[in-house]
Amino acid sequence: MDHINFLGIFQGIDMMCHTFQTNPTLAISRIALIFVGFLLIYLGKKGVLEPLLMIPMGLGMATVNASVMFFDPINMAAKKAIDPNAAGTLFLDANVSNNDHLMTLMQIDWLQPVYTLTFSNGLVACLVFLGIGSLLDVGFVMARPYVSMFLALCAEFGTIITLPIATALGLNLKDAASIALVGGADGPMVLFTSLKLSPDLFVPITVVAYLYLGFAYGGFPYLIKALVPKKLRGIQMPATTKDREITSGQKMVFAVVCCVVLCLLFPVASPLFFSLFLGIAIRESGMKQFQHLVSEVVLYGATLTLGLLLGILCEAGTILSPRVLPLLLLGMLALLLSAIGGLAGGYIMYFLTRGKFNPVIGIAGVSCVPSTAKVAQKCVSAANPNAIIMQYALGVNISGVITTAIIAAIYVSLLSK
Amino acid sequence: MNEWTIVGLTYVLAALVSLLVAVIIHIMGAAVKRFAAPEVPGAIDAEAQQGGSATIAPPRNEEAEIVAAIAAVHSYIARRH
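Line order of the protein sequences matches chains G and Z.
Okay, so the first sequence: first residue is 126 according to our numbering, each after it adds one.
Okay, so the second sequence: first residue is 1228 according to our numbering, each after it adds one.
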């Protein structure tokens, strides 16, 4: 051998040097995303962000941006002339639309089958919902249905009002509805809706949604402290055993009837409704083997798949677009407005009950089950260690899942034509 | 349809459907309570339903259960944070 190209051996570095010469912004973004991946792993390990999601997502994000190489799998498989400057990875290609190319990539990229058969058809969102359903005790909603649904509806303020703001910033109605749904604080729902309405933008929208949900967990206590005085945060709710008077038969009937009625009203969102209520029905039927399967194996398996794929999808070449910048702003705005709406609902209940209702409960309507209910209880406990609002907050929290699903269904029904 | 029409329509429809869900909960809860066979005091456990021997749970101590539930919430929050 006369000449050895050492950079050719270390392809990742070769690719990075090449990208610096041809597209420095992309190269810098790749390096930045590697460090963002490290940060997510660190924050997940510290418990600041949800570790179940953030650790696989952070590792996926860092790894995929380091693994880009000169790679042209489609032409290589077709035995055509290979583009020497084509960039790719052995993980997956989210932008492939040609079915022949997809079949080729399914045999080359190791995560392409998982992505195509679970993520891009919304299956993973439904599996997460199935698992969440099996953890939900709807007795908390059934004990106080009107108050819970009212507060959950107030906490959808960001989901609604972000839509016109997004269109004012130049997004079309479908993209605006998809990003507005971040205000519902329900990751699987955002994934499902953006797949239906914004197939071109669903990757950045879903990534933004999951990142912000993590940050919401850390940021909401400050918002509560800023908007609710300590005296009101410490309001003690009356102790009640009403939740435990609801029998499993009542919960089962509710799950079955509600599932059928909501699917009848919104067939476009029926996979989500069905998954959620199937989880609830499994829980209430007392089938322990199924409950273990769904709440442990399916839920954690789907969460790992979701976190891993979200991280892998954060390759700089996939998510870098001028359209992503407004999404970053709008996602945060949607969550902030929903939280403010929830607290406003809490204040309305406070005034209607003449000071007997703790307004902090309202923020639990920003679903994100059960994180916001725990955040609400934590803030209340800090103000008054004897005040327990958990059972009220969980009712509002679970109602938040249902109202977000309803709004997602309305958006998809109105805009998907 | 402009964005404000969609916003208005979505909020009104969401409110109506949420109200419908709350009414379903209310009516179903009441109907099940009214027509379902009364539950015997003490629960037959799942094992018994699958062919094992029926065991009757001891009578419930409501007050102790509430205290235990509150303690569980506190310890859960303490563990998480």
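Calculated from the structure, these hints are not laboratory results.
Among these hints, one or two may not hold up.
[Said to hold, decoys possible] Some chain G residues judged to face chain Z by a derived CB distance under 10 Å, without partners named:
hint : residue
1    : 260
2    : 263
3    : 274
4    : 390
5    : 393
6    : 527
7    : 539
Glycine included, every Cβ here is placed at the ideal spot set by N, Cα and C.
Cross-check of the supplied hints:
no. : hint : in the structure
1   : 260  : 14 Å, violated
2   : 263  : 8 Å, holds
3   : 274  : 4 Å, holds
4   : 390  : 6 Å, holds
5   : 393  : 14 Å, violated
6   : 527  : 6 Å, holds
7   : 539  : 6 Å, holds
Hints 1, 5 from the earlier list are contradicted by this structure; the remaining hints agree with it.
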